[in-house]
Amino acid sequence: MGNEPKHVAIIGGGLTGLSAAYYLKKAMAERGAAVRITLIEKGSSFGGRIHTLRKEGFVIEKGPDSFLARKPAMIELTRELGLEDQLTGTNPNAKKTYIIHKNRFHRMPPGLVLGIPTELGPFMKTGLLSIAGKARAALDLLLPKRSSEDDESLGAFLERRLGKEVLSQIAEPLLAGIYAGNTYALSVKATFPQFHSLEQKHRSLIIGMTRNRKQGGEESRTMPEVAKNTVFLTFKQGLQTIVEGLTEALVRDGVRFIKEAEVRSIRKADGAGEGRPYELTYGSGQTESIDGAVIALPAYAIAPLLQEVPAAHELMDIDYASVANVILAFREQDMVRELDGSGLLVPRSEGRFITACTWTSSKWLHTAPEGKVLLRCYVGRSGDERWMGMSEPEIVRAVRHDLQELMGITAEPMFTEITKMPRSMPQYPVGHLQLVQRVRSGLAKQMPGVHVTGAAFHGVGLPDCVRQGKETALALAAQLTAAGSSQ
Numbered sequence: 001m002g003n004e005p006k007h008v009a010i011i012g013g014g015l016t017g018l019s020a021a022y023y024l025k026k027a028m029a030e031r032g033a034a035v036r037i038t039l040i041e042k043g044s045s046f047g048g049r050i051h052t053l054r055k056e057g058f059v060i061e062k063g064p065d066s067f068l069a070r071k072p073a074m075i076e077l078t079r080e081l082g083l084e085d086q087l088t089g090t091n092p093n094a095k096k097t098y099i100i101h102k103n104r105f106h107r108m109p110p111g112l113v114l115g116i117p118t119e120l121g122p123f124m125k126t127g128l129l130s131i132a133g134k135a136r137a138a139l140d141l142l143l144p145k146r147s148s149e150d151d152e153s154l155g156a157f158l159e160r161r162l163g164k165e166v167l168s169q170i171a172e173p174l175l176a177g178i179y180a181g182n183t184y185a186l187s188v189k190a191t192f193p194q195f196h197s198l199e200q201k202h203r204s205l206i207i208g209m210t211r212n213r214k215q216g217g218e219e220s221r222t223m224p225e226v227a228k229n230t231v232f233l234t235f236k237q238g239l240q241t242i243v244e245g246l247t248e249a250l251v252r253d254g255v256r257f258i259k260e261a262e263v264r265s266i267r268k269a270d271g272a273g274e275g276r277p278y279e280l281t282y283g284s285g286q287t288e289s290i291d292g293a294v295i296a297l298p299a300y301a302i303a304p305l306l307q308e309v310p311a312a313h314e315l316m317d318i319d320y321a322s323v324a325n326v327i328l329a330f331r332e333q334d335m336v337r338e339l340d341g342s343g344l345l346v347p348r349s350e351g352r353f354i355t356a357c358t359w360t361s362s363k364w365l366h367t368a369p370e371g372k373v374l375l376r377c378y379v380g381r382s383g384d385e386r387w388m389g390m391s392e393p394e395i396v397r398a399v400r401h402d403l404q405e406l407m408g409i410t411a412e413p414m415f416t417e418i419t420k421m422p423r424s425m426p427q428y429p430v431g432h433l434q435l436v437q438r439v440r441s442g443l444a445k446q447m448p449g450v451h452v453t454g455a456a457f458h459g460v461g462l463p464d465c466v467r468q469g470k471e472t473a474l475a476l477a478a479q480l481t482a483a484g485s486s487q
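Each step along the sequence shown adds one to the number in full-length UniProt numbering, with nothing skipped, and position 454 is 454.
None of these hints come from the bench; they were simulated from the model. Only a predicted model underlies this, so the values are computations on that prediction, with no experimental measurement involved. Please note that the accuracy of each hint is not assured.
Unchecked claim - Pairs of lysine-lysine, DSS-like flavour, derived with a Cα cap of 27 Å:
#1 164 <-> 96
#2 134 <-> 102
#3 420 <-> 445
#4 228 <-> 71
Stated by the list, open to error - If you anchor each label on the Cβ, the simulated ranges turn out as follows:
#5 257 <-> 215: 42 to 52 Å
#6 340 <-> 482: 52 to 62 Å
#7 237 <-> 164: 37 to 47 Å
#8 237 <-> 257: 20 to 30 Å
Backbone N, C-alpha and C define an ideal beta-carbon position, used for all residues, glycine too.
Using the sequences and the accompanying hints, generate a full structural model.
Here is the structure:
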């Protein structure tokens with residue numbers, strides 16, 4: 001093969017796959033090595049769940065709608081692509097978030113960080129909890145830390161530290177909403193590892209989170225100005241901006257894009273090909289010889305591709321929840337209640353069809369024309385996927401029923417948009433990190449240079465996907481260049 005560039009296949013054209021391609025090209029160039037990248041996507045477009053719709057003056061996110069400002073990977077990528085001036089934060093006048101309790105609106109107490117109180121005054125005044133529930137939460141200040149280092153469920157952890165009421169009324173709608181999961185089935189170390197670290201370091205969650213919050217000013221010094229006073233960020237023209245920026249950069253770098261193509265398998269080559277170690281087979285039966293691969297797909301789609309790696313079969317054990325979101329556009333005069341915040345969360349105990357409603361046009365000022373309102377309602381979570389058996393008109397009716405009872409909205413929406421996402425939210429069970437380690441160790445032994453990454457492994461947020469794509473690219477670049485130098 002001489003000095004031919006290495007050939008890498010990246011399977012999955014979502015944000016993780018795009019980021020992996022971008023950082024692999026960059027890392028190889030920094031090492032003075034050439035690489036040929038083929039980016040393969042089963043669907044008709046790149047970007048995965050990200051889908052910005054611009055309609056009648058509205059900027060509508062049909063997939064994810066924002067990302068956490070405190071996680072730096074997305075901001076760093078944005079800077080590298082020259083898109084920092086496109087970032088925008090939430091409306092500073094829409095800081096309130098409400099939680100529904102017994103069909104009534106309760107403001108989330110100021111000072112909550114990931115559901116943990118850092119200001120006891122507002123927490124003790126909230127109507128979300130009984131006096132006994134507040135007293136039980138305060139016990140966190142006195143309880144010893146858990147001596148065992150073993151993983152436990154998020155629900156068991158928070159109940160142990162703060163009590164059942166805080167878990168069901170505050171933490172569950174706030175934290176489980178991120179994963180659409182059951183807190184008693186989610187691993188605390190895989191979903192919110194900082195909670196475990198806070199307990200081990202500070203003994204008390206409340207004390208640890210309060211100290212961390214006070215020290216947060218140090219981190220903000222490296223953040224762009226727009227990110228310093230907002231929890232969430234997006235782009236003025238929608239999240240599609242980052243996808244367009246990445247694809248343009250990759251096209252300039254000569255990356256080969258293939259869409260509407262399914263990969264059937266990746267196997268060790270039999271030596272009859274181009275001398276590259278692996279053979280990739282498409283659903284059509286066509287094959288390609290490759291030196292390495294990054295597979296950025298859902299866990300259940302990865303396992304069938306790696307039949308030669310027994311450890312990869314464990315990925316089928318990762319369950320997925322099915323969710324959908326329903327966008328509704330209204331005229332401002334149709335609102336009975338003032339939209340004086342970013343939206344509302346609905347605990348499981350309320351028995352509602354919707355799990356949350358973002359007041360999108362209040363939270364993000366760029367999303368609706370003047371005099372118009374955009375709402376985004378979420379449906380579905382682990383253990384409640386009834387929407388999957390309903391028609392679209394039935395889903396809209398059920399959402400509107402909840403909006404009428406909770407917010408008094410009786411007007412017909414100007415339009416609605418439904419995004420269905422079956423099997424889209426990976427559920428990290430207790431022991432998830434050990435499962436991931438077993439899979440990756442087995443893969444490293446049997447197929448070095450073939451990597452699995454993405455939302456199924458270490459975080460579902462957009463910055464988590466970018467970070468995982470970058471980490472995987474750097475690891476693969478090191479392998480490819482080490483292999484090249486040893487030849």
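Okay, the hints, checked on the actual structure:
1. 164 <-> 96: 24 Å, holds
2. 134 <-> 102: 18 Å, holds
3. 420 <-> 445: 38 Å, violated
4. 228 <-> 71: It holds: about 12 Å lies between the C-alpha atoms, which stays within 27 Å.
5. 257 <-> 215: 42 to 52 Å: 43 Å, holds
6. 340 <-> 482: 52 to 62 Å: Since residue 340 and residue 482 have Cβ atoms about 57 Å apart, the given range 52 to 62 Å holds.
7. 237 <-> 164: 37 to 47 Å: Hint holds: Cβ distance 44 Å, inside 37 to 47 Å.
8. 237 <-> 257: 20 to 30 Å: For residue 237 and residue 257 the Cβ distance comes to about 22 Å; the hint holds.
Checked against the numbered hints above, the structure breaks only hint 3 and satisfies the rest.
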